[in-house]
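Protein chains: 2
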Amino acid sequence: MDEFDWIQTYLAPLAGPEGLKLLDDAALYTPSDGQDLILTQDSLIEGIHFLQGEYGAGTASRLMAVNLSDLAAKGARPVGYLLSVAWPKHLSSSDLKRWMHAFSKGLKTEQDRFGFSLFGGDTVKTEGPMSISATFIGVVPRGKAVLRSGAQLGDDIWVTGTIGDAYLGLQLAQKTPETLKHGPSREDLWVWEEAFRHPTPRLLFRKTLRRYATACADISDGLLSEAGHIAKASQKSLSVKLADIPLSNASLKWCTAKAEEARRVELATNGDDYELLFTARPEDAGHILTGADKINLAVTRVGKVTEGESVHCQGLKGQQLPLQKLGYSHN
Amino acid sequence: MDEFDWIQTYLAPLAGPEGLKLLDDAALYTPSDGQDLILTQDSLIEGIHFLQGEYGAGTASRLMAVNLSDLAAKGARPVGYLLSVAWPKHLSSSDLKRWMHAFSKGLKTEQDRFGFSLFGGDTVKTEGPMSISATFIGVVPRGKAVLRSGAQLGDDIWVTGTIGDAYLGLQLAQKTPETLKHGPSREDLWVWEEAFRHPTPRLLFRKTLRRYATACADISDGLLSEAGHIAKASQKSLSVKLADIPLSNASLKWCTAKAEEARRVELATNGDDYELLFTARPEDAGHILTGADKINLAVTRVGKVTEGESVHCQGLKGQQLPLQKLGYSHN
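Chains A and B are the protein sequences, given in the same order. Counting along the first sequence from 1, when you hit position 2 you're at 2 in the working numbering, and nothing is skipped either side. Counting along the second sequence from 1, when you hit position 49 you're at 49 in the working numbering, and nothing is skipped either side.
If you're looking for bench data, these hints aren't it; they were derived computationally from the structure. Everything numeric in this text was worked out from a predicted model, so none of it was measured. Where a beta carbon is used, it is the ideal one built from N, C-alpha and C, also for glycine. Please note that a few of the clues may not be correct.
[To be verified] Restraint-style ranges between C-beta atoms, simulated for each label pair:
{"#": "1", "chain 1": "B", "residue 1": "Ala12", "chain 2": "A", "residue 2": "Ser185", "range": "39 to 49 Å"}
{"#": "2", "chain 1": "B", "residue 1": "Ala12", "chain 2": "A", "residue 2": "Leu323", "range": "22 to 32 Å"}
{"#": "3", "chain 1": "A", "residue 1": "Lys105", "chain 2": "B", "residue 2": "Gly154", "range": "53 to 63 Å"}
{"#": "4", "chain 1": "A", "residue 1": "Leu323", "chain 2": "B", "residue 2": "Arg142", "range": "46 to 56 Å"}
{"#": "5", "chain 1": "B", "residue 1": "Pro177", "chain 2": "A", "residue 2": "Leu51", "range": "38 to 48 Å"}
{"#": "6", "chain 1": "B", "residue 1": "Ala298", "chain 2": "A", "residue 2": "Lys89", "range": "33 to 43 Å"}
{"#": "7", "chain 1": "A", "residue 1": "Lys89", "chain 2": "B", "residue 2": "Glu3", "range": "26 to 36 Å"}
{"#": "8", "chain 1": "B", "residue 1": "His90", "chain 2": "A", "residue 2": "Leu289", "range": "33 to 43 Å"}
[Said to hold, decoys possible] What the simulated footprint calls covered on chain B by chain A, stretch by stretch (three residues with Cβ under 8 Å from a Cβ of chain A suffice, anywhere in the stretch; the number is not a length):
{"#": "9", "stretch": "60 to 74"}
{"#": "10", "stretch": "122 to 133"}
{"#": "11", "stretch": "139 to 148"}
{"#": "12", "stretch": "310 to 324"}
[Said to hold, decoys possible] Straight line, CA to CA, 20 Å or less: simulated PhoX-like cross-link-like pairs of lysine-lysine:
{"#": "13", "chain 1": "A", "residue 1": "Lys232", "chain 2": "B", "residue 2": "Lys144"}
{"#": "14", "chain 1": "A", "residue 1": "Lys125", "chain 2": "B", "residue 2": "Lys144"}
{"#": "15", "chain 1": "A", "residue 1": "Lys144", "chain 2": "B", "residue 2": "Lys21"}
{"#": "16", "chain 1": "A", "residue 1": "Lys21", "chain 2": "B", "residue 2": "Lys294"}
{"#": "17", "chain 1": "A", "residue 1": "Lys21", "chain 2": "B", "residue 2": "Lys144"}
{"#": "18", "chain 1": "B", "residue 1": "Lys144", "chain 2": "B", "residue 2": "Lys241"}
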């Protein structure tokens, strides 16, 4: 591979002034006074976190989304990122060029969408699957970051958007299972595929979150699992009502067609939603609804913060579902 | 692999307050007023950047060293890092535990040595070779970072330490070549192995660099290649005298034993030195020598900054060596 070509042709146009024209092997960033920085790093491995052989724009935006979603959960605004790419050696020179073009286009789309730039990074070759990693830098006004540790007794639990669509989209992308073969309309399939392929990190919700959320986590590994992370960091319990977890019409039809409770649990315990789960004082509910409405975002109350340090999920008949069934563990 | 165990048992003790106990998937860093941040990211792939099957302390410190050396070149002090590790799936549970222990011990050694802490990161599994990546955050007083772009006509070119020992150390670690089979004493071999296995990022030299260096790069890919990076970023030529490049006694003996010029070129064009190459005004030579002496660091003048945008190397008989021979290209 021509690393020089990759850097100068495809990456240099994406770099901000902090990237020093990518000539310095390091970025120089001057923080504004009165701001805190949020730093987050997430990696994707071919065949595990994205589909084998998909080295293009979709994978680039997935890498952006998983990291941006972490920033969104903190109430941060992204300013830049460092990108590390290990390109597979087996790619022919012409294929590599084509993928580099597509991948960098995906990066640019997300940069333009949310207004941040490339700071730097590094590039290597690997005998193994493609592996990509990004470190994102975000900013929040000093002391205003939303952590996982702030949930208070009696807080409402909220979730943005709908849950489980991306999980069904992944099923479709891999190998359509029996349960998706009959019934769903073309439109339903489209909803799921879009949710999986183009997750929207909820960055625009940051002002409301910073003001009213007591704790927040992004939903990358399933709603109930993330509830567990807030529970652990806040040393509280999160009690969620399965029936209140917001579903798209497509997913709702899928759930009610058969084995409704099991299917709802399936959607609440699988990943890739990139929605936000947050807690807030009940008296702030109106502000939260107004803030969400301003950016056309649906938000739904799904439970309450209670005593303990665990996750409880109330089934469709009001019964407590056993934790193992929720795929939830403290790990 | 038990990711929870890796994070809680081995990584959490390495985290600073910025790491939020590694419970938040992101770090919160409050920059001091009046400081600039330097951000750098470097990755290592098993079998390419470190020896196959070496998942322990040595590999951890190599990852630290390559990143810290980038900070050193900017005159920065390290404050923290995010670590991304892809552990190979083929490792048995007990082997994995053993390697995790050794790897985290290597991280701790470097943290204690230079005074910085773990901010966060992520962990995945891979079917391929181990791949590890770190993003380092360093600080410099505002406006005091040393870039590659500041070399001025007439500046001296300096280098820290000795060049080429790590390259010979790598040769020994891989498969001892003919040229290293006869002649070198046990002590010579030790010098080379140490240079390869325990490179010392020149972080302690930062005050002198910030004050007197006009440009600086760390030597990861060979002295003449790094000279090319400064030449390109500064739009000047760097004219280096082969005879003046500092060598250890061990390497000097190796060079003078046979084909001296070719061997000196070999040492100046291969990597892993992690010394610094920098430029400075001739009138500051005294200050530079004093600053280096205070931290017991050898510094040597190896050439001059001249007109052009290239690298020139003067051979042992005063002749210009052709660039191809130097393994140097603008890429």
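Okay, the hints, checked on the actual structure:
1. Evaluation of the 39 to 49 Å hint for alanine 12 of chain B and serine 185 of chain A yields a pass: the beta carbon distance comes to about 48 Å.
2. A hinted range of 22 to 32 Å for the beta carbons of alanine 12 of chain B and leucine 323 of chain A is consistent with their spacing of about 24 Å.
3. Here the CB-CB span from lysine 105 of chain A to glycine 154 of chain B is close to 44 Å, at odds with the stated 53 to 63 Å.
4. At about 51 Å, the beta-carbon gap between leucine 323 of chain A and arginine 142 of chain B stays in the expected band of 46 to 56 Å.
5. Separated by about 43 Å at the C-beta atoms, proline 177 of chain B and leucine 51 of chain A satisfy the suggested range of 38 to 48 Å.
6. Taking the beta carbon of each, alanine 298 of chain B and lysine 89 of chain A are about 39 Å apart, inside 33 to 43 Å as hinted.
7. For the pair lysine 89 of chain A and glutamate 3 of chain B, the beta carbons lie near 28 Å from each other, so the given range of 26 to 36 Å is met.
8. Our hint of 33 to 43 Å for histidine 90 of chain B and leucine 289 of chain A is violated, since their Cβ atoms are close to 51 Å apart.
9. Remark: the stretch 60 to 74 of chain B is confirmed as covered by chain A, as 4 of its residues place a Cβ nearer than 8 Å to a Cβ of that chain, reaching the required three.
10. Coverage of a stretch by a chain is defined here by at least three residues with a beta carbon nearer than 8 Å to that chain's beta carbons; for the stretch 122 to 133 of chain B and chain A the count is 9, and the condition holds.
11. Given a C-beta distance limit of less than 8 Å, the hint that chain A covers the stretch 139 to 148 of chain B holds, as 4 residues qualify and 3 suffice.
12. Counting residues of the stretch 310 to 324 of chain B whose beta carbon lies closer than 8 Å to any beta carbon of chain A gives 0, which falls short of the minimum of three for the stated coverage.
13. Distance hint between lysine 232 of chain A and lysine 144 of chain B is unfulfilled; the C-alpha atoms sit about 42 Å from each other, more than 20 Å.
14. Of the pairs offered as hints, the one joining lysine 125 of chain A and lysine 144 of chain B is violated, with about 34 Å between alpha carbons and a cut-off of 20 Å exceeded.
15. Distance hint between lysine 144 of chain A and lysine 21 of chain B is fulfilled; the C-alpha atoms sit about 18 Å from each other, no more than 20 Å.
16. With a C-alpha separation of about 35 Å, the suggested pair lysine 21 of chain A and lysine 294 of chain B falls outside the 20 Å cut-off, and the hint is violated.
17. A threshold of 20 Å between alpha carbons decides the hint, and for lysine 21 of chain A with lysine 144 of chain B the separation of about 18 Å falls inside it, so the pair holds.
18. Between the alpha carbons of lysine 144 of chain B and lysine 241 of chain B the distance comes to roughly 29 Å, so the proposed pair goes past 20 Å and is violated.
Figure legend: structure checked against the earlier numbered hints; hints not met, in rising order: 3, 8, 12, 13, 14, 16 and 18.
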